[in-house]
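Given next are the chains, with one letter for each unit.
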Amino acid sequence: MSDVLPLSSPRERMSWGEICQHFPGEWVVLVDADWVDDHNFEFGTAHVFAHRSRRGEATKDMGAACRSFENVGCFFTGRIRGAIPRLVVP
Amino acid sequence: MRITRFDPTSDLIIVPGQIWGPRGEGPRLDLVLDTGAAETVVIPEVLDALGYSAREGDAITVMRSAVGCEQGYLIRIARFACLGFQLSDFQVHAHDLPEGWGIHGLIGLSFLRQFNYEIRSIEGRLLVDRAAA
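The listed protein sequences correspond, in order, to chains A and B. Going by our numbering, the letters in the first sequence line up with residues 1 to 90, in that order. Going by our numbering, the letters in the second sequence line up with residues 1 to 133, in that order.
Only chain A is shown next, with the shape it has when bound in the complex (with noise of 0.2 Å):
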């Protein structure tokens, strides 16, 4: 599932945990994020603006994003497994 949150809703502010558990294996834009320091994925909670299952999808939500916060960010909620060999040798 895909979508973008209008920017005139109210939106709940999410730990990472949270966003995990709402949005698993999509592409996330959040704004708003508390930022611990500027060095590392660390954060108390934030807006997610935008959830994408593509992330390609999820470029444009973020040039909407940076047009009205001045804090934004797009993450992974996924797990990468590697590489699935396309072509099986018996």
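Incorrect hints may appear among the rest.
Stated by the list, open to error - Distance condition first, Cα-Cα at most 20 Å in a straight line; then the derived SDA-like pairs of lysine to any residue: (1) A/K60 <-> A/G44; (2) A/K60 <-> B/A49; (3) A/K60 <-> B/V46.
Unchecked claim - Here are the in silico distance ranges between beta carbons for each label pair: (4) B/L97 <-> A/G17: 27 to 33 Å; (5) B/E118 <-> A/G44: 51 to 57 Å; (6) A/G82 <-> B/V62: 15 to 21 Å; (7) A/D38 <-> B/R2: 39 to 45 Å; (8) B/T9 <-> A/T77: 43 to 49 Å; (9) B/M1 <-> A/D34: 52 to 58 Å; (10) A/V36 <-> B/E99: 45 to 51 Å; (11) A/D34 <-> B/R23: 38 to 44 Å; (12) B/Q18 <-> A/R79: 26 to 32 Å; (13) B/S10 <-> A/K60: 24 to 30 Å; (14) B/R130 <-> A/H22: 45 to 51 Å; (15) B/R64 <-> A/T77: 40 to 46 Å.
What the hints assert, rightly or not - Footprint (simulated), chain A over chain B, 3 or more residues, beta carbon under 8 Å: (16) 34-47; (17) 68-81; (18) 91-103.
Calculated directly from the structure, the hints in this document are not laboratory data. Treat the numbers as computed from the prediction; the structure is a model and nothing was measured. Cβ coordinates follow ideal geometry from the N, Cα and C atoms, glycine included.
Knowing the structure of chain A, use the given hints to seat chain B on it.
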């Protein structure tokens, strides 16, 4: 030796490239030659269309900018062609580039270091030769 031509009047050295993926052959891409980039970058939109996703990636990556923090991913692609040569199982960095550039990616040193190359800027020619083993 392979010769690739580019527009010498352009602000950037833009060369054609192509990628193949699970969904087959991709379209012609406009890629910027960037000897200052370690990785070869392809925008996610292109990789999505060819059937690649972060789940099959090698690693998640992070880039920080003035406005925030953005993740991309490293992924091995089936075939990558540029500057007259093709590489298979080639790792690229899936990441956004600034809007409005109209380009699909950057050719970085991960690709270039496998060749000897000469950039003849006034002539608008790139001379590329496979490096001796």
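Each hint tested on the structure:
1. A/K60 <-> A/G44: 25 Å, violated
2. A/K60 <-> B/A49: Within the cut-off at roughly 15 Å; holds.
3. A/K60 <-> B/V46: 14 Å, holds
4. B/L97 <-> A/G17: 27 to 33 Å: For B/L97 and A/G17 the Cβ distance comes to about 31 Å; the hint holds.
5. B/E118 <-> A/G44: 51 to 57 Å: Between B/E118 and A/G44, where Cβ atoms are some 52 Å apart, the hint holds.
6. A/G82 <-> B/V62: 15 to 21 Å: Check passed, 19 Å falls within 15 to 21 Å.
7. A/D38 <-> B/R2: 39 to 45 Å: Since A/D38 and B/R2 have Cβ atoms about 43 Å apart, the given range 39 to 45 Å holds.
8. B/T9 <-> A/T77: 43 to 49 Å: 45 Å Cβ-Cβ, so the 43 to 49 Å window holds.
9. B/M1 <-> A/D34: 52 to 58 Å: For B/M1 and A/D34 the Cβ distance comes to about 55 Å; the hint holds.
10. A/V36 <-> B/E99: 45 to 51 Å: 29 Å, violated
11. A/D34 <-> B/R23: 38 to 44 Å: Distance hint for A/D34, B/R23 holds at roughly 40 Å.
12. B/Q18 <-> A/R79: 26 to 32 Å: 30 Å, holds
13. B/S10 <-> A/K60: 24 to 30 Å: Given about 26 Å between the Cβ atoms, the range holds.
14. B/R130 <-> A/H22: 45 to 51 Å: 50 Å, holds
15. B/R64 <-> A/T77: 40 to 46 Å: 19 Å, violated
16. 34-47: As far as the segment 34-47 of chain B goes, the hint holds, because 5 residues have Cβ atoms under 8 Å from chain A.
17. 68-81: With 9 residues close enough to chain A, the hint holds.
18. 91-103: Three-residue rule met by the segment 91-103 of chain B, so holds; n is 3.
Comparing the model with each earlier hint shows violations of hints 1, 10, 15; every other hint is respected.
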